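Trainee: Here is what each chain is made of, one letter per residue.
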Amino acid sequence: MEHALSLFVRSIFADNMIFAFFLGMCSYLAVSKDVKTAAGLGVAVVFVQTITLPVNYLLQVYVLDPLNLGYLSFILFIAVIAAIVQLVEMVVEKFSPSLYNALGIFLPLIAVNCAIMGGSLFMQQRVLLDPENVKAIANIGDAFAFAIGSGLGWMLAIVALAGIREKMEYNDVPKPLQGIGITFITVGLMALAFMCFSGLNI
Amino acid sequence: MALSKKTKEAFLGPLNVNNPILVQILGICSALAVTVQLKPALVMGISVTIIVALSNVVVSLIRNSIPARIRIIIQLVVVAALVTIVSEVLKAFAYDVAMQLSVYLGLIITNCILMGRLEAFAMSNNVVDSLLDGLGNGFGYAWILVVVAFVRELFGAGTLLGYQIIPQSWYVANGGFYENCGMMLMPAMALILVGCIIWAHRAINDKEAK
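Residue numbers (my numbering), protein chains in the order written: chain A, 148 to 349; chain B, 6 to 215.
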């Protein structure tokens, strides 16, 4: 339990998907123009990550490892993610039209979001670690903790950037730097700020 | 060789005016993460070029028999199969580089350049054009990686491809005046460097447009 908790906190701050690993950058930069849309995409990422990562964990531990099929993991993981995204889209559309209206346009985007695939690939690496290691994922509870943590970390990052970009609208930025250029530099400075978290031993 | 204008554009466009990283803002994740050193950046650039070119060809070959509703999954499977082949080859012949690239090798699957090119180009163009478009985008991606990695490795570690470039006698430890800039090795500097490259690229291209 303690381990899962520290894994959870680490994956939000110190091992933040955006600032430490640059995962999910494309949609991160494209959809961070206003806070509301950014929060919508963030929720969708948390949602899909929480479902796909534990499923891939079970596949890795109970199917791929015993049968020695590690080299199939890329195809299997991406198929699971694409299938689950499609499934989630259909279920949400059927049972909660209001949630579908909020998340709908983002769900297809998420199938090719590197943060989701990256989460599963990190999980695959961390399963092999020594259980004493703070980064190890030793059971399904850890997998859930890592999934929710990394999803929330991603959401935190995109909402923060969207807030900054909304304020930056009024700033006088050199013309060629406007738009995407200054966004890159802003994210760089935010990443520097987030690096202080990796100095903490949680 | 007489190439049509469109064919030429398919190859040359992505190198500068329509660069996947600088202009289309695709494939950023891996571009930033593998550029601490020049060698993994080169390997990554070559791998992505091969995979974009081949997957463009394959999807372009079968484009008329793909049902529209499940095209994304088919494209993903084609890409995942190619990435698996490349990663197995790298593990067999360049194990240390494959380990350095770690998850980012697998993440080529979700590299937006691939899906972007497959959707936007290969699904509606013939095989030769698709091959050239794939190569162009791959090289356009690779040269940015190489530039960023060159700066980061040279200033961050004083080496290039693992060879010492800055003379040892320059370092403060040996009585000189120079110290490596540790900032360059941090993830944040990759973002700031790419931001500066975009800045320069836009400034130059805007001037030409006028």
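No wet-lab data here; the hints were simulated from the structure.
Note that this is a predicted model, so its numbers are computed, not measured.
Idealized CB from N, CA, C, for every residue including glycine.
Mixed in with the good hints there might be a few duds.
What the hints assert, rightly or not - A short, non-exhaustive set of chain B residues, derived as facing chain A with CB atoms under 10 Å: (1) L31; (2) V62; (3) V63; (4) M120; (5) Y168; (6) M191; (7) A195; (8) I203.
To be verified - Listed below are the simulated BS3-like cross-link pairs for lysine-lysine, each with C-alpha atoms no more than 30 Å apart in a straight line: (9) B/K11 x B/K212; (10) A/K180 x B/K212; (11) A/K322 x B/K96; (12) A/K183 x A/K314; (13) A/K314 x B/K212; (14) B/K212 x A/K282; (15) A/K183 x A/K241; (16) A/K282 x B/K96.
Claimed, not checked - Every beta carbon over 10 Å from chain B, so not counted as near; a handful from chain A, in silico: (17) S153; (18) F155; (19) F169; (20) V210; (21) L214; (22) L219; (23) V235; (24) E236; (25) D277; (26) A285; (27) I287; (28) G310; (29) K314; (30) Y317; (31) D319; (32) G335.
Trainee: Does each hint hold? Answer for all of them.
Mentor: The hints, checked one at a time:
no. : hint            : verdict
1   : L31             : 6 Å, holds
2   : V62             : 19 Å, violated
3   : V63             : 15 Å, violated
4   : M120            : 5 Å, holds
5   : Y168            : 27 Å, violated
6   : M191            : 7 Å, holds
7   : A195            : 8 Å, holds
8   : I203            : 4 Å, holds
9   : B/K11 x B/K212  : 25 Å, holds
10  : A/K180 x B/K212 : 27 Å, holds
11  : A/K322 x B/K96  : 45 Å, violated
12  : A/K183 x A/K314 : 14 Å, holds
13  : A/K314 x B/K212 : 29 Å, holds
14  : B/K212 x A/K282 : 50 Å, violated
15  : A/K183 x A/K241 : 24 Å, holds
16  : A/K282 x B/K96  : 24 Å, holds
17  : S153            : 21 Å, holds
18  : F155            : 20 Å, holds
19  : F169            : 4 Å, violated
20  : V210            : 17 Å, holds
21  : L214            : 16 Å, holds
22  : L219            : 7 Å, violated
23  : V235            : 15 Å, holds
24  : E236            : 12 Å, holds
25  : D277            : 18 Å, holds
26  : A285            : 19 Å, holds
27  : I287            : 21 Å, holds
28  : G310            : 18 Å, holds
29  : K314            : 18 Å, holds
30  : Y317            : 20 Å, holds
31  : D319            : 15 Å, holds
32  : G335            : 3 Å, violated
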